[in-house]
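Novice: The chain contents come next:
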Amino acid sequence: MGITARHVGKMIGEPPTRILSDINLEINNGEFLALTGRSGSGKSTLLYLLSTLDRVSQGEVQIDGQNVGKMEPEMIHRFRNANMGFIFQFHYLLAELNTLENVLMPARKSGRQVEREHYARSLLKQFDLGDKMHRLPRQLSGGEQQRVAIARALVMEPQYLFADEPTGSLDSVNGENVMNIIRDANERLNVTVIMVTHESDFARLAKRQVHLVDGKIQ
Amino acid sequence: MIFLAFRYLFERRRQTILTLLGIFLGTAAYVSISGFMLGFRGYLIDQLINNDAHVHIGAREEFLTDHSLDDPFYQNVFAHVFWDPAPSGRKDSDMVENPQQWYKRLDADPRVEAYSPQLTASVIFSNGKAISSSTLIGCDPRAQVKVTTLGDYVIEGQFTDLAVGGNRIVIGNELQKKLGLRVSQNVMVSLAEGPPTPFKIVGIFKTGNKLSDNVAYGALADVQKVNRTPNHVNKIAVRLHDHTQAAALAAAWAKISPERVESWDQVNSSIFDVFRIQDAVRFMSVGAVMIVAGFGIYNVLNMTVMHKRKDIAILRSMGYDTGDIIRLFFSQGLILGVAGTILGLTFSYFFCLYLQTIPFGGGPLGGGMGHLIVSFDPKIYIQSAILGLLSSTIASILPASSAGKLTPIEIIRAGAE
Ligand SMILES: Nc1ncnc2c1ncn2[C@@H]1O[C@H](COP(=O)(O)OP(=O)(O)OP(=O)(O)O)[C@@H](O)[C@H]1O
Ligand SMILES: [Mg+2]
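Protein chains in written order, with the numbering used here: chain L, 39 to 256; chain Y, 6 to 422.
If we strip away everything but chain Y, and leave its shape as in the complex, we get:
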């Protein structure tokens, strides 16, 4: 019956091409939009994974509830305590309790590639009259460059120079400009009250992000001293060999410790929310095109069935059965779907190849080569093909089965009237 289906389609060339176009546009749009979106997304996630730690172990944060203070005040004296007003607020420890235990645990874990304990201090940087209150992050310099890619963004000096010790800092490009300093000059660092401590600038980094370029890094011990909190650590940044284990590992660690443990995807959950919205929009818009294309096939097939009633009657009288007739019309829809999908996928593949060559300098949209990043993930093509084939299949079911239900005698009687 495929033979006859092809003949029917060739006879109605214009209709065939128009319906093909619907499926073609749907599949091509899906591949192009997805390629572009997922390409950028992959780049973004790559950046997230590469640039930052995979698991963040931070000081716990605890919010007081109405009965949080019952125990400390009254132990078991009363069954119920009424507070007026009820206690509220936040109980901070602001530090990771017992970091030594964490170091042991992390050292022993084969999944951990590197970790860097950190202390974030709010300090005031000053250079003569230039004053800027900002953040000084103490870290293990050698581990830090393994945990994050910060080392790659150092434009002057070396990040690991911090390891030598003795009050050295690597300073962000923005902060450096604000203070008007150069490498090997000193900057004064102080807390809100108390005497300033001189730090020597051994490097400058520039990530392109104004916020993260407005901080400075020092060795953990130095920052602890300046902050007058010896041995305090308020964050441990962990890098894993396999970033996909982050969520599971974070969940497991969170269970056995009081600290707040978050994986990189939890930290960036808002970005993933945006991705989900993007996906919804992508599916809905392509879905709309597919529905229109499906209706196109549905209409054309229905019309063909109406026009070809006599053909159905004569075929049935020759011994063709219901299944043959269903196949005759169903295959027309399927041929349209398959051809439209193949054309759509081919076209959009080349379109994506072309998109890739469009220069898109610098910025977050641009790749390392300075052009658009497009994903060629086979999944996109498979999904698109499924969409195209599914919509044409669904659109063909009804007309084909209605053609199959026609009996020759009905048609002949109706034709005689």
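Extracted from the complex, chain L is given alone in its bound form:
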């Protein structure tokens, strides 16, 4: 069980430019993997390929033994909903919903918001947001917003957590805070974490680092 990339290549744009070539990667459940590399090396592109948001140009990505390229869209959506959490550089919270509602959005998709509410509240309390559950995103600080986004990514107790520079827009204190939460999820909940970062301090927190140079693993 885990994520496997075999000979994955990716071209983007018109005319097609090669961004990734011959990526082979095996990620086991419970791992904490950091994708590092210079800007433009293809870290984000690889992350989205591994997380079903994007499609490979060559090779294949398997998740839990299933070839993502051959999965029905409906299956992919259900899998994303139940097993995957995403954290981006920007929080992408829905501006019209309060903290708790935002966190429960994934549960709402599968009609489990009542069942998940207790866990959502406990996550928010854990993240020091217990008294801000009914605030709108614009009434929160940047660090608080990102912690809400992490709670949202974890509310379904997913197997996989994908993070694209989760600390990119935060100051060092908030960044550390976020990193601790992510590491905690990996250690205590056994969530498989795949995180893009170019801060070496944070990369070192991961159990394994994959370094990309010009679209190739080094």
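Check before you lean on any hint, since a few could be wrong.
Only pairs whose alpha carbons sit at most 27 Å apart, straight line, appear in this in silico DSSO-like list of lysine-lysine [what the hints assert, rightly or not]:
hint, chain 1, residue 1, chain 2, residue 2
1, Y, Lys-151, Y, Lys-230
2, Y, Lys-315, L, Lys-170
3, Y, Lys-151, L, Lys-108
Bear in mind the hints are in silico, worked out from the structure with no lab data behind them.
This structure is a prediction, so every number in the text was calculated from the model and none was measured.
Following the hints, position chain Y with the ligands against chain L.
Specialist: Chain Y with the ligands alone, transformed into the frame defined by chain L:
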């Protein structure tokens, strides 16, 4: 997704209200204008149906063609006859041929409620120095009051008093004023040449229409005598139990007889032409409002899709699929459409109730109660709702489907740039 759609709409309250207003105005305008127009129209048609016969059987009218006279002159002698000049003009019989056969046919037909044979004569009415050339209509008085509502407009005397016979007439109010006569006085009636015959006025009617108040009615036999055309009938006015059968019945009768048979809606076809033009104007003006309202929804939704690209991306990453995203934006348009339509229909219903209370005395626009007549036909409300919902639906399709086509990766890449 409806939940989120509502949140989006509430967040953009001003835009929401403005777009609502478009649909609101469109549906409200449609209901109000239609209610007013159709109310009046219904009244008018009622008047037409009630006041006049449903089927008119008249003397045939035949126009001569270039070869109409070939047969009478040459029978089959020549294959082709050249006329110089070619014959032209009108061949009138001016009378219904064989009215007895018609009476039999009408008596036997269960759809016929009543019929009145008529003879219209052009005569000169005179009272001493006062002279007026006008029309005297001979009819079956008892049947005539069943076929038309003329009897209701008699302001003095009784229409059926004509039935007693012996040169009596009921005279129109205008003609009566011109001649300066009163009920129970005599009026002299004559043809262009020939001696006058005295008729006794037994009633006066007033319909409010100057033209129809300028004629007089007598018993059929009396008028035939005055006109020196015994047994002639040039029109049979027929009333049916069900006026909607008139057109079909008229068509059927026209086929089996040489007479000109017309239903009430054929006789008044010019009024129906006007109705059609009114309808076109009504649909076009409301259609214009709806198009503007639709564009309003289209614009707002497109803008929302642009603003909410990140929301789409994150929702997709959570497992929401294309259909969910389409629903999210489509339902916003639909909510606007439904809410605007409901508001529009409710408002215009009360507005129409109010319109109804506006006094509008007498005249053809006024009803029996002396106020505006407004139609509350459910059809109007259904049509209006369809218009409102249709325009908002059509306006929502494109933005919603464009939102559905966005993939999360596109948005994230574009956002990173
Ligand atoms: N739509 C696109 N068309 C063409 N090239 C693209 C497109 N999007 C990204 N690229 C290129 O793909 C390469 C990899 O991009 P990617 O976003 O994966 O880099 P990254 O390692 O995440 O960089 P960063 O650290 O700046 O986020 C870059 O060289 C970028 O210019
Ligand atoms: Mg990146």
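Novice: Work down the list of hints and note, for each, if the structure agrees.
Specialist: Evaluated hints:
1. A threshold of 27 Å between alpha carbons decides the hint, and for Y/Lys-151 with Y/Lys-230 the separation of about 24 Å falls inside it, so the pair holds.
2. Under the criterion of a C-alpha separation no larger than 27 Å, the hint pairing Y/Lys-315 with L/Lys-170 is consistent with the structure, at around 23 Å.
3. Restraint check for Y/Lys-151 and L/Lys-108: not satisfied, since their Cα atoms lie roughly 82 Å apart, outside the 27 Å limit.
In this structure, only the earlier hint numbered 3 is contradicted, and the remaining ones agree with it.
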